[in-house]
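*Asks:* Based on the hints, put chain W in the right spot on chain E.
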Amino acid sequence: MRYLFILFLAVTQFAQAQQTILLDTYGHYNSTGVRRQIPDAFFYGGLIDSSQISQSLTKLSARNAFGLQMGFNAQWQTPWVVSKDSKKWGSGYRWVLGAGIQQYGGIQFSKDLFGLVFQGGLPYMGDTLDMSNLRVEATTFAKIGMGLVNTTTQSSFLVHFVAVQNHIAAALQKGTWLQYPSSAQIDLALQGQAQFSGSSPAAYGVAFDLDYRFGSAENEETEQQFQFLVQNFGVARSTQTTQYNLSGSFQYAGFSFAQWQQASVNSLTNGFLDSLGYQKSTVSSWILLPAQFQLAKVINWDSPQRLDAYYGAQFMLRQTYTPLIYAGAHYKVKKAWQTGLGMAYGGFGGLRVQAYSAFHFKRSQLLLRSDNIALQNGASLYLQFRCDF
Amino acid sequence: MAILFSSCKKEATRWHSDWVVPVLTDTLSLSNLYNDSTLSVSGSQINIDLSRTLLDLGLSDLVKIPDTTISQQYQANFTVSNVSPGFTFVNSVKTHALDLGDIQLKKVRVQSGQIELKVYNPLNTAVLYQIELPGVSQNGQVFVQNYTVAAGTVQNPTIATESINLSGYEIDLGGQQGLEFNKIQSKLTLKTDPNGQTVSIYNNQVFKYEASFKNLRFDYAKGYFGSTLLADQQQFTLPYLDKITNGSLSLPDLSLDLQVENGFKMAVRAQIEQMNATNTQGQSVSLNAPSIGPSMFLAPAVGSWNTLQPSSLVLHFDANNSNIKNYIENLGAYQNIAYQLQPNPWGNTSAGHDEAFANSRLRLKVSAQMPMALNADALTLQDTFALDLAQDLNKTHVTAATLLLDATNAFPVACDIVLYFMKDGQIMHTVVADAQLASATLGQIDPQDGLLKKKSKIKIVLPPALVADLQDLNQVAVSAAFATTDPTTGLAVQQSIQANAFLALQVQLQLQTQLRP
Chain E
1 MRYLFILFLA VTQFAQAQQT ILLDTYGHYN STGVRRQIPD AFFYGGLIDS SQISQSLTKL
61 SARNAFGLQM GFNAQWQTPW VVSKDSKKWG SGYRWVLGAG IQQYGGIQFS KDLFGLVFQG
121 GLPYMGDTLD MSNLRVEATT FAKIGMGLVN TTTQSSFLVH FVAVQNHIAA ALQKGTWLQY
181 PSSAQIDLAL QGQAQFSGSS PAAYGVAFDL DYRFGSAENE ETEQQFQFLV QNFGVARSTQ
241 TTQYNLSGSF QYAGFSFAQW QQASVNSLTN GFLDSLGYQK STVSSWILLP AQFQLAKVIN
301 WDSPQRLDAY YGAQFMLRQT YTPLIYAGAH YKVKKAWQTG LGMAYGGFGG LRVQAYSAFH
361 FKRSQLLLRS DNIALQNGAS LYLQFRCDF
Chain W
390 MAILFSSCKK EATRWHSDWV VPVLTDTLSL SNLYNDSTLS VSGSQINIDL SRTLLDLGLS
450 DLVKIPDTTI SQQYQANFTV SNVSPGFTFV NSVKTHALDL GDIQLKKVRV QSGQIELKVY
510 NPLNTAVLYQ IELPGVSQNG QVFVQNYTVA AGTVQNPTIA TESINLSGYE IDLGGQQGLE
570 FNKIQSKLTL KTDPNGQTVS IYNNQVFKYE ASFKNLRFDY AKGYFGSTLL ADQQQFTLPY
630 LDKITNGSLS LPDLSLDLQV ENGFKMAVRA QIEQMNATNT QGQSVSLNAP SIGPSMFLAP
690 AVGSWNTLQP SSLVLHFDAN NSNIKNYIEN LGAYQNIAYQ LQPNPWGNTS AGHDEAFANS
750 RLRLKVSAQM PMALNADALT LQDTFALDLA QDLNKTHVTA ATLLLDATNA FPVACDIVLY
810 FMKDGQIMHT VVADAQLASA TLGQIDPQDG LLKKKSKIKI VLPPALVADL QDLNQVAVSA
870 AFATTDPTTG LAVQQSIQAN AFLALQVQLQ LQTQLRP
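Residue numbers (our numbering), protein chains in the order written: chain E, 1 to 389; chain W, 390 to 906.
Now the stretches of chain E that chain W is said to cover, found in silico as 3 or more residues with beta-carbon under 8 Å: (1) 44-53; (2) 114-122; (3) 179-185; (4) 246-256.
FRET-style restraints, in silico, Cβ to Cβ: (5) W:K399 with E:Q19: 38 to 44 Å; (6) E:Y311 with W:N783: 48 to 54 Å; (7) E:V265 with W:D772: 17 to 23 Å; (8) W:D621 with E:D274: 48 to 54 Å; (9) E:T239 with W:K846: 55 to 61 Å; (10) E:P323 with W:K399: 32 to 38 Å; (11) W:N783 with E:Q173: 34 to 40 Å; (12) W:N709 with E:V265: 50 to 56 Å; (13) E:G27 with W:T773: 53 to 59 Å; (14) E:Q193 with W:T788: 31 to 37 Å; (15) E:Y311 with W:P853: 56 to 62 Å; (16) E:V265 with W:T550: 49 to 55 Å; (17) W:L880 with E:L122: 38 to 44 Å; (18) W:N783 with E:G27: 26 to 32 Å.
Some, not all, of what chain E presents toward chain W, calculated at C-beta under 10 Å: (19) I38; (20) A41; (21) M125; (22) Q259; (23) W260.
For the record, the hints were derived by calculation from the structure and aren't laboratory data.
These numbers were taken from a predicted model, which means no experiment stands behind them.
C-beta atoms are modelled at their ideal positions from N, C-alpha and C, and glycine is treated no differently.
Here chain E stands alone, though its shape is the one from the complex (with noise of 0.2 Å):
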């Protein structure tokens, strides 16, 4: 999430600057319902006792989501412009190069489902678990690019090359596990496929970034701006997809002495992913970046007003990430010191509280933002750094 990127342009300023280096990194994940300690524990390690796998799930509802995203950004605006001629339209575009590593990974999930992998089949015994709908979607790629930057508005359109490093998306569509009390007989059913593009570049493609700014001149103290953004829109080819396919189900209640003595475990087990219906194969395919559109308010650094309002909407390509909406209030502490605090509901998870605090320099601001600071599941930390010379 990156919505707060630009939440300080101070336009006017920038204006005047001969060229600006931006740079940002966040990390943050979330959850509908799984309590903190247990992403933690993945992400720091630690043993993830059955309390807390006991806590989360009497909060999680029948569908629930868990995202992660990562990434480190930088860009650099230089001081050249496209003309030097004043009477083209080039000579108020600058050109600016930019460059990053994005790691997008959303799962939809069914309360059935995450007791079953973290609880194991015994506590289950005679109920009819609904793994249905289960979406994996998974990717990190990088990119570097150049494009325009408009030094009047700061708007700035970028083209870059992508690298997509890895890849998943899986779905289950359908999928049921009954395992009888009596017997242990175990009945699945699943239906669904998954692609995996793993090897090390995966796929190559194309991506823009647009910046859009618009509302009132950028002069007027008063009025308001908005930013219309679109990052990493693009797509990338992969030649070596491996596709797995399922559909279908298998009852399993023991094996007879026969069955042990003539059979391999590889057999038996081919055998069970034949009645699944399992199939592989390698096929070329088209992997949609995780693009991320957003509509915002932009925060006027030089407003006279000590109290504002900002708020905004995103959402991203990716059915494992559900809109988000976000508003709160900025408080202007000292020109060179401005805080917020707000509301956010959506994304992986849902309604939470986010702070940031800004601090303006002389020619750099360093801005420090989490989007879970309470009512959490999950973390946040974000910080962007600009200078501008």
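*Replies:* Chain W alone, transformed into the frame defined by chain E:
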């Protein structure tokens, strides 16, 4: 620095989950035990009719013609010039003797096998070869093969080869007059190509053919089959008995028959020299009876083909004439029988009129009949299986395991189960089941099928120390001690096995796992 870095090492993410996995679902009945046994139901009891063939010899085992090559050739003594096309220059018969030891065959019929013909032509024009085997015929037609072999040279004669299936051919081995034996005739006729050129035949040109009889098996033979002594020792292991490590078994009275069957039209002498059996404790018992040791004579079979009536000799062993009960109750897994069989013990008394047909067999069969009842007292079967359950404790692994056995037993036998987990043959862990697989005698009659049954639930808990050692263990010995205990006295008594008795088993494995993604 090392301490500093090691303290920063990420601890593994892990959690515990509990699973139950069905492992085995099966129902064992007596039909699972021996596929060559006939179980007959008599009232509510089962009788065993065990029948096993120890020796089964056919015609091809007694009468064989080894792979044999006969050859006939022609070589002129002097040069014959200006041989016109179509000139016949050889027409001769040759008799070949087969080396068959003391067997003197007059006639055989080929069941399978082939003859491979190889013809050489050194002449500089094509030659027509006619190969005739006067004693070899099928449906009255004598075996004749004609070949036109292209021109060759002395150094490089043209060679024609062909393989002909001889199945169904009769071979008369009586020679020209029919009074001899082991004789086969061939006739070679050579003619120059009628459409060829005039040539000369030189004395260094060898015209020949070779006929190789291969893999001949017969379904009829007549002659004298010799009197070669067949003496052998048959050793075989009875399944399951070699797994018994302890205990005793007492059986009801039983009888055992050894039957010698002669389907050949010749006299046969048979002698059972010795029968003994050794059990897994090394105790041997020899079968003692008047018929063990002396020679017995079987008359020739009578009839022919479909009307063939073998002669037979039955040696009966029971409690009145032998120690057969002790012999069986010794549970000898390793059986040893020494015997002699000799055809024509008095020589060629049939004047070469021994006969054998497709269905002629010389058999030695054993059969036993007994009611299916037993008295087992801590009769212990133990078998060892390879174990490969290596697991990496730094990855997802099992932390605790319990085998759950759910059994319905309709046999009057109780069973105590012990597992020995071993490393290179040395016992490292011993696991005893928490309960006995109960005998049907402790149960009740099921009105559905009228069988006495008893259900048992048994837990075999593999302790954490054992689970932790699994990666080092490579063998498991399963020991099952059976007892036919009287439910009131607690003493081992003889119990009859119900008709349709079965043992239904469900084995589940309850696992606690530590998952480490």
